[in-house]
Amino acid sequence: MDALDRAILNTLQDGFPVCERPFRLVAAGLGISETTLIERLEALLAAGMLSRFGPLYHAERLGGAVLLAAMRVPTADLERVAALVNEFPEVAHNYARDHELNLWFVIATEHPARVPAVVTEIESVTGLKVYPFPKREEYFVGLRFEV
Amino acid sequence: MVGRIDSHDRAIILATQAGLPLVPRPYQAVADRLGLTAEEVMVRLRRLLALGVIRRIGAVPNHYALGYRANGMSVWDVPDERISAVGRQVGALSFVSHCYHRPRRLPEWPYNLFAMVHGRHRREVEQGVAAIAELLGGDHRGHAVLYSTRLYKKTGLRLRPPS
Numbered sequence: 001m002d003a004l005d006r007a008i009l010n011t012l013q014d015g016f017p018v019c020e021r022p023f024r025l026v027a028a029g030l031g032i033s034e035t036t037l038i039e040r041l042e043a044l045l046a047a048g049m050l051s052r053f054g055p056l057y058h059a060e061r062l063g064g065a066v067l068l069a070a071m072r073v074p075t076a077d078l079e080r081v082a083a084l085v086n087e088f089p090e091v092a093h094n095y096a097r098d099h100e101l102n103l104w105f106v107i108a109t110e111h112p113a114r115v116p117a118v119v120t121e122i123e124s125v126t127g128l129k130v131y132p133f134p135k136r137e138e139y140f141v142g143l144r145f146e147v
Numbered sequence: 001m002v003g004r005i006d007s008h009d010r011a012i013i014l015a016t017q018a019g020l021p022l023v024p025r026p027y028q029a030v031a032d033r034l035g036l037t038a039e040e041v042m043v044r045l046r047r048l049l050a051l052g053v054i055r056r057i058g059a060v061p062n063h064y065a066l067g068y069r070a071n072g073m074s075v076w077d078v079p080d081e082r083i084s085a086v087g088r089q090v091g092a093l094s095f096v097s098h099c100y101h102r103p104r105r106l107p108e109w110p111y112n113l114f115a116m117v118h119g120r121h122r123r124e125v126e127q128g129v130a131a132i133a134e135l136l137g138g139d140h141r142g143h144a145v146l147y148s149t150r151l152y153k154k155t156g157l158r159l160r161p162p163s
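Heads up: the sequence lines are chains L and Y, in that order.
For the first sequence, the positions run 1 to 147 when the working numbering is used.
For the second sequence, the positions run 1 to 163 when the working numbering is used.
Each hint should be verified, as a subset may be incorrect.
Pairs of lysine-lysine, DSSO-like flavour, derived with a Cα cap of 27 Å [to be verified]:
| hint | chain 1 | residue 1 | chain 2 | residue 2 |
| --- | --- | --- | --- | --- |
| 1 | L | K135 | Y | K154 |
| 2 | L | K129 | Y | K153 |
| 3 | Y | K153 | L | K135 |
| 4 | Y | K154 | L | K129 |
Keep in mind that the hints were calculated from the coordinates and are not lab data.
Work out the full structure: start from the sequences and follow the hints.
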């Protein structure tokens, strides 16, 4: 990554215009050509420096539902239980964390009624209690990395 | 909220959720795939932005690839009557990516404020946690930092095309 890549990343984290030639507009601000900007973006995506480029959707405002939940899993059983949890297509993230509550996962679904059902089904297939941590209030989501 | 999203909006979401086409006229390219005009796609995208259905359009950096390899889920016990005020302050810190009020699960879980802290290494995460503790001051009645030790799954919510 050179200085231009960093400038592109920093600029495009803030947003991208909705207009006929958005790349040309952003490129002009960076003092480069539209073609150069598109080529750099293709390379940053191919190299994995960018996870994606485009609109970021808000699951709940799309009518979906998201729930963070945790379980207390005996250490020897962690891999097996994590695999059982992963089998649910509604489970979007699943992490082991260094705490008594040691398995943390996120249920994300287009169908809010599926959330309590998935919780019950996970308890049933694992034989373990699921601790739901629903969001009461959201203060911030996002992160701006100066690179 | 879903009632405000019609079938054209949904088609635009499906066509863009993996990313925008990297061509000089990306909205025209989306419109061509859907049989709409570029103007209609842009009007709808602006409306979805205004409704907050789209958080933003832009680049999502891979923080791990960019060197931010450490993250800790910091959780705090703060007085309920103070949480909205302090939650906004903690959420405004540059190294915090997600900040939420969530319920306690007493007796085993006294924490009601969750803040995900990122850093290039664990020491930076610890510095971030110390900064939050200082900001909370007397509203800080206890905290824990949960580091991830294994990643078992990471995907996003994806709308499925109508079957």
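| task | Taking the numbered hints from earlier one at a time, note which ones the structure violates and give those numbers from smallest to largest. | result | Violated hints: none; all satisfied.
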